[in-house]
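There are 2 protein chains.
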Amino acid sequence: MYETIIIGTGAAGISAALTLKQLNKDFLWIGTKNLSYKINSAEKIRNYPGLSNVSGKEMKEMFIKQINDMDIEILDKQVTGVYDLSTHYAVLCGQDTYEAKTIILALGVESIKPVEGEIELLGQGVSYCATCDGFLYRGKDIIVVSSSKEFEHEAKYLASLANKVVYIPLYKDIDMDLANVEIIKGMPKKISKENKKMYLELKDSKLEADGIFMLKAAISPAVLVPGLEAAEGHIVVDRQMKTNLNGVFAAGDCTGRPYQYAKAVGEGNVAAHSVVNYLNNLK
Amino acid sequence: MYETIIIGTGAAGISAALTLKQLNKDFLWIGTKNLSYKINSAEKIRNYPGLSNVSGKEMKEMFIKQINDMDIEILDKQVTGVYDLSTHYAVLCGQDTYEAKTIILALGVESIKPVEGEIELLGQGVSYCATCDGFLYRGKDIIVVSSSKEFEHEAKYLASLANKVVYIPLYKDIDMDLANVEIIKGMPKKISKENKKMYLELKDSKLEADGIFMLKAAISPAVLVPGLEAAEGHIVVDRQMKTNLNGVFAAGDCTGRPYQYAKAVGEGNVAAHSVVNYLNNLK
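First to last, the sequence lines map onto chains A and B. Using the numbering used here, the first residue of the first sequence is number 13, and each one after it goes up by one. Using the numbering used here, the first residue of the second sequence is number 13, and each one after it goes up by one.
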């Protein structure tokens, strides 16, 4: 069992990982090795102390160098759930389970609100994870809603399994030219289920399929961690970054505005120190 | 009258100034142009995201370059008092007075009365921060002076790295039972350095080591700002860095532990955004 599991590889997760490594803690860090896609898209960052007028790409290079210098590993998986086992926590990544005494949630922030019916039908025809649930739709018809270009490879993986895919990109510059993929533009309004069939309503149409995948960067925290207190889409924390769940801490955009690198690294650092204090008090 | 006055040129003050400049705010920034003396004395910083394994001096160079790049001025004076004039605040620097609608306190943390030689040898064998400098003393002999029970876990962390620790508690109810830790009671009188060895003089003895850690609490900035609420030497703030005084915000070490650059820049950033929100609500 790990002392802590950090979930998320944005600025807050990076800060927490660097600090826990320096403090010789035994932790697992789960998230995309490519770090947050938001870092890539930042044109110029001028107010992050220490890096004068860098691009997001330059900042990302520095982060990756530092992670390598400190000999820190990232487990490149998508977390599908965090469960309270009363003495510790279990983190699920599809079929795999990892256990830890404490959790640091550095999930980033969901830019797109859940569609009506989405949360209610999660696990009953709606999925967030291509790797985890794709095999359930072999030879079937699915709808894939994607919030970013970075999920195109997941959509292609789904297309390799499914009979037919209706792909709904919520971004520009689409690169998805496959025989069994139809691209439809539009903003999802509502998800419903009837007679084992899933329905997605757009503005002027209603699509039918066997399953619906919602591919997005950040999953609503309360969906990921049952029992977690959230308000207006953000995890509720105190000054020590404690959540309402004992041993669960949160940091970065998922705890609220301002959505800034400086704020995120500060909170990641505080969360790491709070984990250490918490573990010391367990002894 | 300024929109805000930032007091202090450590990491929190720098972060607040960069953000307010980027947001085109009209502010005055008061403090030493040499930045915080603590930055100079940090030997190696490894867990500040974006700057991999820099010395305090290198970090300071980058901060100064960035301040110049952004065309920000520092008024190099010492603040002697901050007074609430009900509609706004007056900041006194000896004979000079400056007025602003809001204040950001980025005061750092003042140690209790330093021992003779302590300030002079800071960063040259004397350290205030186990997390920051502990790894420099792997396998070496150190002296740890601790003003409070709350620092015992930091001392234990140091003991996990060092060959031998002489622990000098300045409090009762000591819980420090480790094979390589010797507890000595006494009040430190003087620190000196000779031939790369550090010496700490007590009343009747003189101890030798490779490094000396001084773990101590802080004094209250309530002396500087009458009416300011403080607890255990730290300014009381909420998640938006608001103090109990309307329009007064605080950030960095003065708001509490951990005393880390990442935490300070995060809080400076949040304080700057809170000032902007506060000014918007005045209109």
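Where hints are given, some of them may not hold.
Remember, identical chains collapse to one label, so a pair may be satisfied in a single copy or spanning two.
[Claimed, not checked] Straight-line alpha carbon distances no greater than 16 Å define the calculated EDC-like cross-link-like pairs of lysine to aspartate or glutamate that follow:
#	residue 1	residue 2
1	Lys168	Asp250
2	Lys168	Asp187
3	Lys295	Glu164
4	Lys202	Asp216
5	Lys152	Asp250
6	Lys295	Asp189
7	Lys228	Asp145
8	Lys228	Glu162
9	Lys69	Glu220
Don't read these hints as lab results, they were simulated from the structure. All values reported here derive from a predicted model rather than from experimental measurement.
Checked hints:
1. Neither within a single protomer nor between protomers do Lys168 and Asp250 lie at most 16 Å apart by alpha-carbon distance, with minima of 31 Å and 27 Å respectively.
2. In this homomeric assembly, Lys168 and Asp187 come within 16 Å of each other (Cα to Cα) only inside a single copy, at 10 Å, whereas the closest approach across copies is 55 Å.
3. For a Cα distance limit of 16 Å, the shortest separation of Lys295 from Glu164 across copies, 13 Å, qualifies, whereas the shortest one inside one copy, 46 Å, does not.
4. Proximity of Lys202 and Asp216 under a CA criterion of 16 Å is satisfied intra-copy only: 12 Å inside one chain copy versus 79 Å between copies.
5. In this assembly of identical chains, Lys152 and Asp250 lie within 16 Å of each other by CA distance neither inside one copy nor across copies; the values are 41 Å within and 38 Å between.
6. Taking the shortest alpha-carbon separations for Lys295 and Asp189, only the inter-copy value of 14 Å comes in at or below 16 Å, while the best intra-copy value is 57 Å.
7. Taking the closest pair of Cα atoms, Lys228 and Asp145 come within 16 Å of each other only inside a single copy of the chain (15 Å); across copies the shortest separation is 40 Å, beyond that limit.
8. Taking the shortest Cα distances, Lys228 and Glu162 sit within 16 Å of each other inside one copy (9 Å), while across copies they are farther apart (43 Å).
9. When the C-alpha separation of Lys69 and Glu220 is checked against a cutoff of 16 Å, the pair qualifies neither within a copy, at 28 Å, nor between copies, at 49 Å.
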